[in-house]
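Asker: One letter stands for each residue in the lines below.
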Amino acid sequence: MSQVSNPVKKPLPEPTHWSKPFWDACKKHELHIQKCKDCSKLIMYPKRYCPHCLSENLTWVKSEGKGVIYSYTIVCNNPPTAFLSEVPYVVAVVELDEGVRMATNIVQSDFEDIKCEAPVEVVFEDITDEITLPKFRVLK
Amino acid sequence: MSIKGKVAIVGIGEVPTGRFPERTALEAAVTCCREAILDSGLKKEEIDYIIPTGHLADSRFNTDLIFSRLVEELGMGSHLKGNLQVMSGGASSATMLKTAAGLITSGQARAVLCVHSEKLGTGKSSQEVIDLFATLGIPSEWETPYGMHFSAVAALFTQRYMYETGTTPEQVAAVCVSNRKWAQLNPNAMFRKPLTIEEVLQSKILSTPLHAFESNVLADGAAAFIVTSAERAKEVTDTPVYLLGEGSRVTQYSISQALDMTRFGYEEAGKEAFRSAGLTPQDMDIAEIYDSYPVISLIALESLGFCERGTAGQFVLEGHTSPGGKLPMTTNGGMLSQGHTGAGGGVAILVETVRQLMGKAGERQVPNARFALETATGGTYMDIHVSIFGREPV
Chain A
1 MSQVSNPVKK PLPEPTHWSK PFWDACKKHE LHIQKCKDCS KLIMYPKRYC
51 PHCLSENLTW VKSEGKGVIY SYTIVCNNPP TAFLSEVPYV VAVVELDEGV
101 RMATNIVQSD FEDIKCEAPV EVVFEDITDE ITLPKFRVLK
Chain B
1 MSIKGKVAIV GIGEVPTGRF PERTALEAAV TCCREAILDS GLKKEEIDYI
51 IPTGHLADSR FNTDLIFSRL VEELGMGSHL KGNLQVMSGG ASSATMLKTA
101 AGLITSGQAR AVLCVHSEKL GTGKSSQEVI DLFATLGIPS EWETPYGMHF
151 SAVAALFTQR YMYETGTTPE QVAAVCVSNR KWAQLNPNAM FRKPLTIEEV
201 LQSKILSTPL HAFESNVLAD GAAAFIVTSA ERAKEVTDTP VYLLGEGSRV
251 TQYSISQALD MTRFGYEEAG KEAFRSAGLT PQDMDIAEIY DSYPVISLIA
301 LESLGFCERG TAGQFVLEGH TSPGGKLPMT TNGGMLSQGH TGAGGGVAIL
351 VETVRQLMGK AGERQVPNAR FALETATGGT YMDIHVSIFG REPV
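Which chain is which? The protein sequence lines are A and B, in order.
To convert, note that position 10 of the first sequence is 10 in the numbering used here; the numbers rise steadily by one, no gaps.
To convert, note that position 356 of the second sequence is 356 in the numbering used here; the numbers rise steadily by one, no gaps.
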């Protein structure tokens, strides 16, 4: 992780006015999911309008932060420049118990415990004053 | 209105795929456009539209394509009605063809020239290409911060597919070997040395379970094809290749939001294509499957009805898709062996489909091929296009 070996900064999310509540919740170490007040469907990733019914009447619900790994990969070689010093790292798609999926990293876990359908829970990594990334660890 | 038998491809052109630092993208483009025009039997004055697809390596050249550079290079300024870029990443072959078919069947064009030229092999360093592809179909706010990139995208669906179907690493690697056997017969292919399953599985891991030899390699390349009406096609060539059926689905933008990354949109797109052609998988003599990574070929074989779920890997391992097999697949060697030219990887496969049905595929010609299925897909497998072609307009 030294600045010398990897001078390229890792890219950070640039929140939009409609995604800002998601990132504000992450700062408080809470995972929030957008929800449509008209059709009641959950929305991931946050959208300007409900992608199901095009309503602009949207709200947020707090996720329990639990789910399973839908798929994963251990990145070993040829990552993007900003991640050259990070290998090996784990990219995954997690399916939350609420039913939506999100891309993330699996951290604080032994590689042999990382499997499709393995149960996971959210953990939060404070990156800057503005950005906290939700990541997941395998539940044993 | 059905598209069946209404339009035909009458001319094709292609330059070798690989690393050609001395060959500019412009030279490659005009070379294959000229070849396609000469191949077609049409007068160039009959071509009413040029459709160049997107070029990724150099935005200046892409701007040239958008702003009609080819019109001047090919001397078409006295009569051309439109020059429009159609860009859907790897699916551009299909969206160019659909656009051309629409222009022709609606009477707005007599013939349409579709072209791609790319320089990802020598126009950028390999790390620049990794970084460029890490922006294609990958949300900057939601996935880029986690180190998502193209190998990871492919690894995610490969992992899930192997988990759900029990397909083995050897069976996945067998796709690379099948494609290489075809590439050995293709003078335009980048990789023509024999390849074994062991060599694939011994190559370094990029992102588990994906090996380096299971990844396409970005290359320089160009290809062109000309579409005209079925009526005109019969007059100008003895080897028209008719579009018989089309089906497609666009299911997502990002890989994490794919409804089912072990199927994507193939089943629906395939059913639509077979229904519009009035044909079945059993009628197909060739399956020209878009193969940027090996598991995508297995997903296609299963979801399109050529194999039962979970059996495509063994089907390929047994040699049925290799030269001499019962279902020749991706007969130019595909992106895994001919080389991946961005939006052009699919164009090369479409041109190969036409070449086979024209009977001009040389050493790798599939004997008596009447019907062929061709697929294209872009970005994070966000869109799946299936086309069916035949030597007769039936």
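FYI, nobody ran anything at the bench for these hints, they're computed from the structure.
Each hint should be verified, as a subset may be incorrect.
[What the hints assert, rightly or not] Computed footprint of chain B on chain A; a stretch qualifies when at least three of its residues, placed anywhere within it, have a C-beta under 8 Å from a C-beta of chain B:
1. 13 to 20
2. 25 to 33
3. 65 to 74
4. 103 to 109
Remember, predicted model here, so these are calculated numbers, not experimental data.
Here a beta-carbon is modelled for each residue, glycine too, at the ideal position from N, C-alpha and C.
Asker: Compare the structure with each hint and give your call.
Answerer: Comparing the hints with the structure gives:
1. 13 to 20: Held - the segment 13 to 20 of chain A has 5 residues with a Cβ nearer than 8 Å to chain B, which meets the minimum of three.
2. 25 to 33: violated (count 0)
3. 65 to 74: Held - the segment 65 to 74 of chain A has 5 residues with a Cβ nearer than 8 Å to chain B, which meets the minimum of three.
4. 103 to 109: holds (count 3)
Violation of the numbered hints given earlier is confined to hint 2; every other hint is satisfied by the structure.
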